[in-house]
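Residue strings, one per chain:
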Amino acid sequence: MKNFLKSKGFREVLRILLALLIGLTLGFIITLFVSDDPIAAYKAFLFGPVSRLNRIGDWLEESLTLILLGLAVCIVFSASQWYIGVEGQMVLGALVSGVVVLFVPLPPVWRITLAFIAAMAVAFVWAIIPAILKAYLNANELVTSLMLNTVALKLFEYLLKNFIMPEKARSLSSDMIPDELRLPSFIPNLPIFTEVRELWMKQTSVTAMVYVIIAAVIFAYFLLYKTSFGYELRTVGSNKKFARFGGINVNRTIVLSMTVSGIFAGLAGVHLSLAIYNRVMMGMSFGLGFEGINIAILAGNNPLAVPIAALLYGYLRAGADVMERTSDVSRELVVVIQALVLLLVTAERLLPTIQRRISDQREENNNNNKIKDTKRTLKGDPNES
Amino acid sequence: MKPLIDLKNIVKVYDNGVVANDGVNFSVNKGEIHALVGENGAGKSTLMKILYGMEKPTEGEIWVNSDQKHFNSSIDAIAATIGMVHQNFMLVPSFTVAENVVLGDEPLKNGLINKEEVLKITKDLSDQFGLFVQPDAIVDSINVGMRQRVEILKTLYRKAEILILDEPTAVLTPQETDDLFKAIRILVKQGKTVIFITHKLREVKEISDRVTVMRRGKMIGTVDTKDVTREQMANMMVGREVFLDINKPKIKRGEKRMSVKNLSYVSETGRAILRNVNFNLFSGEILGIAGVEGNGQTELIEVITGLKPAAGGTVLVGEKDVVNSTPREVRMRKVAHIPEDRLTNGVAVRSTIEENLIVDRYFQKPYKNGVFINYNVVKKESEALIKKFGILTPTGKLPVSSLSGGNMQKVIVAREFSSDPDVLIAAQPTRGIDVGATEFVREQLIQIRNEGTAILLVSADLGEVMSLSDRIVTLYEGEITGVFPDASKIDEKELGLYMLGIKKQSAGEMEKYL
Numbered sequence: 035m036k037n038f039l040k041s042k043g044f045r046e047v048l049r050i051l052l053a054l055l056i057g058l059t060l061g062f063i064i065t066l067f068v069s070d071d072p073i074a075a076y077k078a079f080l081f082g083p084v085s086r087l088n089r090i091g092d093w094l095e096e097s098l099t100l101i102l103l104g105l106a107v108c109i110v111f112s113a114s115q116w117y118i119g120v121e122g123q124m125v126l127g128a129l130v131s132g133v134v135v136l137f138v139p140l141p142p143v144w145r146i147t148l149a150f151i152a153a154m155a156v157a158f159v160w161a162i163i164p165a166i167l168k169a170y171l172n173a174n175e176l177v178t179s180l181m182l183n184t185v186a187l188k189l190f191e192y193l194l195k196n197f198i199m200p201e202k203a204r205s206l207s208s209d210m211i212p213d214e215l216r217l218p219s220f221i222p223n224l225p226i227f228t229e230v231r232e233l234w235m236k237q238t239s240v241t242a243m244v245y246v247i248i249a250a251v252i253f254a255y256f257l258l259y260k261t262s263f264g265y266e267l268r269t270v271g272s273n274k275k276f277a278r279f280g281g282i283n284v285n286r287t288i289v290l291s292m293t294v295s296g297i298f299a300g301l302a303g304v305h306l307s308l309a310i311y312n313r314v315m316m317g318m319s320f321g322l323g324f325e326g327i328n329i330a331i332l333a334g335n336n337p338l339a340v341p342i343a344a345l346l347y348g349y350l351r352a353g354a355d356v357m358e359r360t361s362d363v364s365r366e367l368v369v370v371i372q373a374l375v376l377l378l379v380t381a382e383r384l385l386p387t388i389q390r391r392i393s394d395q396r397e398e399n400n401n402n403n404k405i406k407d408t409k410r411t412l413k414g415d416p417n418e419s
Numbered sequence: 008m009k010p011l012i013d014l015k016n017i018v019k020v021y022d023n024g025v026v027a028n029d030g031v032n033f034s035v036n037k038g039e040i041h042a043l044v045g046e047n048g049a050g051k052s053t054l055m056k057i058l059y060g061m062e063k064p065t066e067g068e069i070w071v072n073s074d075q076k077h078f079n080s081s082i083d084a085i086a087a088t089i090g091m092v093h094q095n096f097m098l099v100p101s102f103t104v105a106e107n108v109v110l111g112d113e114p115l116k117n118g119l120i121n122k123e124e125v126l127k128i129t130k131d132l133s134d135q136f137g138l139f140v141q142p143d144a145i146v147d148s149i150n151v152g153m154r155q156r157v158e159i160l161k162t163l164y165r166k167a168e169i170l171i172l173d174e175p176t177a178v179l180t181p182q183e184t185d186d187l188f189k190a191i192r193i194l195v196k197q198g199k200t201v202i203f204i205t206h207k208l209r210e211v212k213e214i215s216d217r218v219t220v221m222r223r224g225k226m227i228g229t230v231d232t233k234d235v236t237r238e239q240m241a242n243m244m245v246g247r248e249v250f251l252d253i254n255k256p257k258i259k260r261g262e263k264r265m266s267v268k269n270l271s272y273v274s275e276t277g278r279a280i281l282r283n284v285n286f287n288l289f290s291g292e293i294l295g296i297a298g299v300e301g302n303g304q305t306e307l308i309e310v311i312t313g314l315k316p317a318a319g320g321t322v323l324v325g326e327k328d329v330v331n332s333t334p335r336e337v338r339m340r341k342v343a344h345i346p347e348d349r350l351t352n353g354v355a356v357r358s359t360i361e362e363n364l365i366v367d368r369y370f371q372k373p374y375k376n377g378v379f380i381n382y383n384v385v386k387k388e389s390e391a392l393i394k395k396f397g398i399l400t401p402t403g404k405l406p407v408s409s410l411s412g413g414n415m416q417k418v419i420v421a422r423e424f425s426s427d428p429d430v431l432i433a434a435q436p437t438r439g440i441d442v443g444a445t446e447f448v449r450e451q452l453i454q455i456r457n458e459g460t461a462i463l464l465v466s467a468d469l470g471e472v473m474s475l476s477d478r479i480v481t482l483y484e485g486e487i488t489g490v491f492p493d494a495s496k497i498d499e500k501e502l503g504l505y506m507l508g509i510k511k512q513s514a515g516e517m518e519k520y521l
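Top line first, the protein sequences correspond to chains A and B. End of the first sequence = 419 in this note's numbering, gap-free, step of one. End of the second sequence = 521 in this note's numbering, gap-free, step of one.
Chain B with its partners taken away, still in its complex shape:
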């Protein structure tokens, strides 16, 4: 049988040089539920955007129903009966459900929208596919589950035969997830084909016929779901890449620098993102947080550093509780922070390198003199940092936008390391930078650890977490699922099971090592 969709040797290189897909082959048969799994950043979404015409592949071919297609936009993909439901819904909140379903292709009567027809179309589609919605409800007033069903109906109204669902369960409660699965089964029974993106292996097992695993832009393999265990899938997903031997002296663990107790965080939409997180951080150690992205790492760091308010719990730095303090108050306790999102938090690209280097200290001596900033001192200190950290620039007076990604990261690293921190929170410190810069940053991390700084390391790169950390905790859905007191003695397969929530240590087991 010929596959319904056949993506051949897809390569996608973004303008900034990031290789998102590297020779991916992916095929889907008619009438199946095909799960596409992988960590965040593995290239799943990019691949699906290519299939949906939102991104153009750098290389490779797209075949649908044995026809080669060249999609210029998603309009072409819709014409080829492909529909996609995005993670962030694209609905008009002030319109009714039915109006949203037909938006862009409204049934007309005398040149005006035929309101009764609009309601009827939606009602019929809803009945046919078992996707319950209230056609006349305003979208703003309905819950997330129903919004998702509206999105699915939208694609069905446009005659989609192939539905791409991008992490559809990420926003749903377990009950809503069950409803969604029921609906998906009905869709398939009526001849539709579903591609289901996720990184939750329980769901893959429950709903899919076949599963394709991606890792770092490459396809690892496609298998029949019934033939693999969750453990096997986990291995395919997180497999470790050996990168370099890190020369790390034996740990000299000192006094307790930070103590996180029962920390919790609830998102603006009311979802519990962190649930009673507990751990201590000691001088001279690197504590790694392993977990698939989106399991609360970002929020954990932002709550600790004062960027987000906690719902409960304490973060003691020394003796002082810094929960719900301002970012400056936290910094004044000698906590430095390499942020996860470089361009959002880490630098101001339109400001100069000098100005970027002083953001945490411009208000202190010797930088500030009365109401003035002493720009001579700023210049001198910046030049020293540029030299010490090898930032490639002729002068510190240039805007940060003139630097490459790796050099921008060096600016951040230079600033945060030179603040002489007691505690360093390092989130994705080497993401998206070249090999040389990566090695440099890692060496620097080890060095300040040796000098006694306590480091909390969060990285999507499991290899990095495992080789840099002295101790590792796993985070899954906002909870710590395991703690491993000696990072050098961990089997990564074992770690993967904790990261994906398949295994969990009890509170009693963890207490001793947290």
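Next up, chain A with everything else stripped away, as it sits in the complex:
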């Protein structure tokens, strides 16, 4: 028990919860100023996401996407690549998987399988552009990946408008995916579950994708911490020059860090079009790719902590939705709280460093005094005479 309390994992969770608590308290204080009925507004924020089944569904669905995005960012951040192209990879993954399921004439199982593979592959390949630019021409990946997000989004829009959208559609959207091509519910189709299953299927879109995501978390963990590729990735992230000195092919590792992250980002896209929206449409949770960065920071780049971080973060977002719909407080307040939480989490990471600095300083002063004292004794203290 004692060991558990001292363990790193426990402290990490405690740290995030503490940051959350402080963030929420500050958020409440702000709510007091902006709302006529702050208690009701905050109640909606805190308990709204679990107050109804469909809201629980909303929360879980978004959190699941966030888990995949968080994993994608963990991979690139572990290699210290400030790559933020996860958004673009997700958008393309959504497009490709939707198109495959809608149009490729294959039996359902094969269609869906192909959709998964195609989405992951396209997201993987997409990252080759910024990766090569970075590895071989030292072009800043932050800039190139950000630009490519826009390219991906516009490509998505163009293809949707001109090729995918049915002619007489009123909104920028494909047809709905037919029932027989949809992913099954995450609840097994067993007689004892029939009732629950129907209820969840009616009110939510939590699909068997849950299992894919659990597998993805475990896969990412093993990839980062158990394989030689993960070792190369983390070593490059820790000190690029050292990695090169030791014989690691740094450029190849950088390229792979960005492309492999595409596997997860592509899956996030699949989750959007095949699980949540069941079609390809404009504005389906776009922008979420950037939230993946926050998840990875909260999780300290550890894939196993990503689900917790994503569920917490997703909860804040879901609460914000409910609060916005049911009270006079806008969701911007929640963005403030999210920012505070992130700030506190990252700031807390700075604390030990600052403490060390201070103690070093003290030690140094002591040493200096000691030197002075010794010299004084050797020379005879001028103050004494």
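Simulated from the structure, these hints should not be mistaken for laboratory data. Some clues are possibly wrong.
[What the hints assert, rightly or not] With the C-beta cut set under 7 Å, the calculated list includes, among others, these residues of chain B facing chain A: (1) 338; (2) 380; (3) 384.
[What the hints assert, rightly or not] Listed next, the in silico SDA-like pairs over lysine to any residue satisfying Cα-Cα at most 25 Å (straight line): (4) 274/A with 379/B; (5) 375/B with 286/A; (6) 274/A with 127/B; (7) 275/A with 300/B; (8) 260/A with 369/B; (9) 275/A with 95/B; (10) 127/B with 117/B; (11) 375/B with 261/A; (12) 341/B with 262/A.
Built from N, CA and C at the ideal position, the CB exists for glycine as well.
Following the hints, position chain B against chain A.
Below, chain B without anything else, positioned relative to chain A:
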């Protein structure tokens, strides 16, 4: 006459415990050219940074013009009419020469920068001191010599009376150096005082009135330049410190392990750093490279180990030419490398000790199993190394940043020695570590030499090179200037003359022993 600048008993201890200046007294008279010489790491730059307000002394007093000063930053030093030209120029490359000169204190007209005035100021200063520049040229497009003159003009514009030039000739061609010297003479004629940092003794003789020599943070002495010979200065600079008697059995020289032929390297800026370096390295011997730092040692090692591309030549390891191979290819030929810069190349401080110990072998059996790394094996092997090399840590799972400098070095030594190398390149293997760790590393070097490893040793510590090496070559400005087949029979004064390029053996003389 009272000195213009008087530094009294300056002590500087850095946070990491390095003593850079140890009770240094340094005074400069008005109107003189004062050379400050010493090897790299002797504490010259630190002393000048203290005078320029960039570093605070741990102890000691700064007197300028008979006033005691307490500089909090270089702004205070500039106010006390001190100006400094750094080794790495600090100019805005996209601005013009004139804009750079006035940057930070621009002449204004109606609240806007007065462009004509800016050009005129620069032109006038340039004419007055004979420092030729093109005021309207963009800094990015001008050569190094002119950039340096811009830096000097910058200090003059801020009314500097005392100019500190930090190794100003290091980046210049001989022609540019002559121009610089002419300019310095004009400056002094107009009443300025110049402090000139260098380790090139020829230049000291040519330009300075007085010279102060530093060694290992201490001041060795100040003398009138006309009263000393270059040989005497060399002795003051490199003097050897006796440290320990190394118990070294007689050399059993074996087969040739490495053969470097006509190796050359040109820096990114186009300067020739290595010129046709030749030597062989044999099993069971330590070949020491003696030289003042910055004469190509770093580059020599990095070219050999695949970290830098060669401009020409070959490096045979056994029968295979490894020039321009990747670092891993070189390592696969059983070449190990203790790098000069511990924190940059030697370790990844955020990674664990275990992870640091396997960087050269994680992809081989028994560490790798399929796509996975077998962390049980890693743990077992790491624990054995931690024990064998006495790395002070409770576990190998801690990040390297938790270790002291000496223990970090032990991590590196443990990794490189345990790779069972045919050739070991050891650069500054004992730099900045405590006495105990130093002794340990030296003993280990001797031991693997006795076991037949060929060792190339580069160290700024001449005492170390002389007592560990079996054979020594001297490197000066990227060229081998001498080879000494028996290190125990060398007079260090003689060695100093070769290190500083005052003497040189002919190719024919060296051929037999290289």
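Now the hints, each set against the structure:
This hint holds: residue 338/B has a C-beta 5 Å from the nearest C-beta of chain A, less than the 7 Å allowed. Taking 7 Å as the C-beta cut-off, the interface hint given for residue 380/B holds, the closest approach to chain A being about 5 Å. Annotation: interface hint on residue 384/B violated; nearest CB of chain A at approximately 13 Å, more than 7 Å. Restraint check: the Cα-Cα separation between residue 274/A and residue 379/B comes to about 22 Å, which is no more than 25 Å; the hinted pair holds.
For the suggested pair residue 375/B and residue 286/A, the alpha carbons sit about 19 Å apart, so the restraint of at most 25 Å is met. Among the hinted pairs, residue 274/A with residue 127/B is inconsistent with the structure: their alpha-carbon atoms are about 48 Å apart, more than 25 Å. This hinted pair checks out: residue 275/A and residue 300/B have alpha carbons roughly 21 Å apart, not beyond 25 Å. Proximity of residue 260/A to residue 369/B is assessed by CA-CA distance (about 11 Å); at most 25 Å being required, the pair is judged to hold.
The suggested pairing of residue 275/A with residue 95/B holds, with an alpha-carbon distance near 22 Å, which does not exceed 25 Å. Taking the CA atoms of residue 127/B and residue 117/B, the gap is about 18 Å. The hint holds against a cut of 25 Å. As the CA atoms of residue 375/B and residue 261/A are separated by approximately 8 Å, the hinted pair is consistent with the 25 Å bound. At most 25 Å may separate the alpha-carbon atoms for a hinted pair to count; residue 341/B and residue 262/A meet this at roughly 21 Å.
Figure legend: structure checked against the earlier numbered hints; hints not met, in rising order: 3 and 6.
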